Amino acid sequence: MAERAINKLGHRIGARGGKTRAAILDATRRLLDRQHLGEIRVADVALEAGVSPSNFYTYFKTVEEPVLALCEAAAVDFAPLSRHLEGDWSADQAFGAARDYVMDVLLIWREHGPVLRIEHMLADKGEVGFVEARIRRLRRVHLSLERRIAVAHATGYHAPGLDPRLTSYEVANLVESVAAGFDLMRRGDTPPDAIIDTTAHIVVKLVTGR
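Just so you know, we're using my numbering here: the sequence shown kicks off at 1 and counts up by one.
Keep in mind that the hints were calculated from the coordinates and are not lab data.
FRET-style restraints, in silico, Cβ to Cβ:
#1 M185 x G129: 26 to 34 Å
#2 G38 x A159: 42 to 50 Å
#3 T198 x T62: 37 to 45 Å
#4 L162 x D183: 27 to 35 Å
#5 G129 x D189: 35 to 43 Å
#6 K61 x G181: 27 to 35 Å
#7 K19 x R210: 46 to 54 Å
#8 Y57 x G181: 31 to 39 Å
#9 T190 x G18: 40 to 48 Å
16 Å max Cα-Cα, derived EDC-like pairs, lysine to aspartate or glutamate:
#10 K205 x E170
#11 K205 x D163
#12 K205 x D92
#13 K19 x E48
#14 K125 x E64
#15 K61 x D44
Values in this document were obtained by computation on a predicted structure and should not be read as measured data.
Beta carbons are placed, not taken as given, at the ideal position from N, Cα and C, and that holds for glycine.
Construct all of the structure, not just a fragment, from the sequences and the given hints.
Set out below in structure tokens:
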């Protein structure tokens with residue numbers, strides 16, 4: 001992720017400042033693995049990062065700001081997902097492409113889950129920065145899904161009243177929901193492959209209408 005060129009004091013961020021900012025982001029990420037966002041104070045982040053609170057305020061105003069920066073970093077991993085949605089989705093290939101898409105979303109959530117859960121929560125509450133971060137993160141996925149759904153809709157595979165754009169949102173949200181709740185779904189002794197395969201079949205049905 002590209003760092004901001006200017007800190008909160010209006011000074012250009014050099015190499016040393018970039019390391020300090022990165023240390024604050026890493027510390028925030030570690031704390032989110034152990035605590036809820038509401039339990040984390042600026043002093044906690046500073047202590048975890050090995051910097052003073054005044055150093056923290058040089059780069060961020062609140063704890064939510066480094067969390068938002070971590071959301072933007074996670075978005076980088078979502079950009080390549082559209083390749084699974086833009087390839088061959090013929091009858092024989094659709095399931096494999098959908099499964100690869102589901103698998104990659106699961107892997108990204110495994111890496112960035114604590115941050116993405118906060119993004120979801122604060123976006124749902126209408127926090128503008130997190131709403132915009134979520135939109136940017138999923139934009140390419142939504143567009144790729146919408147184009148493919150629109151083709152299926154135009155060729156009569158979907159009901160006339162189905163809206164391709166809304167359906168693209170629903171499909172992306174479905175896969176994210178499965179990724180967010182994957183460990184919970186496994187508590188019933190459901191094999192991981194069954195969850196992945198079932199989700200992929202649902203995605204194929206919603207996208208292609210077949």
